[in-house]
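Here's the letter readout for the chains.
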Amino acid sequence: MEAGSLEGSLEALRPTLLAIARMQLRNETWAEDVVSETFVAALEGSRKFAGQSQLKTWVVGILKHKIIDQFRRTKREVSSDAQLEAAQVETFDELFAADGHRLNTPLDWGDPEESLSRTQFFDVLQMCIDKLPTSLARVFMMREWLDYDTDEICKELGITSTNCFVMLFRARMRLRECLEMQWFGGAAP
Amino acid sequence: MSRDAMVWWRRAMRLSWIRIPCSHAHRLLSERMDRPIKPGERWRLWLHLLVCDMCSRFERQIDFMRTAVRRFGQ
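Chains A and B supply the protein sequences, listed in that same order.
For the first sequence, our numbering gives the first residue as 1, with consecutive numbering after it.
For the second sequence, our numbering gives the first residue as 1001, with consecutive numbering after it.
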């Protein structure tokens, strides 16, 4: 691919890449840095690309690596955030009675697969992830999007595996709640 | 479920060692996405899901969220 046209195609992807990087890193400067680094790496490696896969998939693959590098560079800050978050206790009292029984029924989401074909759904999903507390979002995205296993997350963030399971649980509970309110609860356009 | 099975089931559910509350089932459903859960946990969770629509719904919803998040950037 010619350098000029590649640059143009990369620019077109910038908003998507920035949104993903922000969601994962929860820091504006870091997000812009990793996207710039991704572009540099993509332009340098453009010969390797040679159109064998979709440009977006290839660039997102580079972005993942750059995000991981960013976490390593700022390990101290990221892990102290995570340790603070891990110390939070959240019991979801509004959902469960004292004996652990669930009080309100989760809504029937119907056929949620259908939502996956709608772009607005991903805007809502992104908004819900952005609403999570910083470290919950980072841990959740590391697990679900970067596909780390929990041992790797613990190692990167200096938290125990119990902390990690609890944080993932809290993230899923909050995210589920938000999706139900903002999308599945009839708020869908 | 047959009548006998129903009676047996009610009896079993009265046994505290086998019964887990929804709050515990929710936690196990989340954790089993991140670690292999122990046979005892798996068994209790399975029994709980047989009778609890709320937790079964929760299970499908968090599975769906995983699928959805993996689509970012695709």
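Read the hints as simulated data drawn from the structure, not as lab findings.
Hints are not guaranteed to be accurate.
Claimed, not checked - Only part of the chain B face toward chain A is listed, based on derived beta-carbon distances under 10 angstroms:
hint: 1; residue: C1022
hint: 2; residue: D1034
hint: 3; residue: W1043
Said to hold, decoys possible - Derived list of chain B stretches under chain A, where covered just means 3 residues or more per stretch with a C-beta under 8 angstroms from a C-beta of chain A:
hint: 4; segment: 1003-1011
hint: 5; segment: 1054-1064
For every residue, glycine included, the Cβ atom is placed at its ideal position computed from N, Cα and C.
Check each numbered hint from earlier against the structure, then list the numbers of those it violates in ascending order. 3, 4
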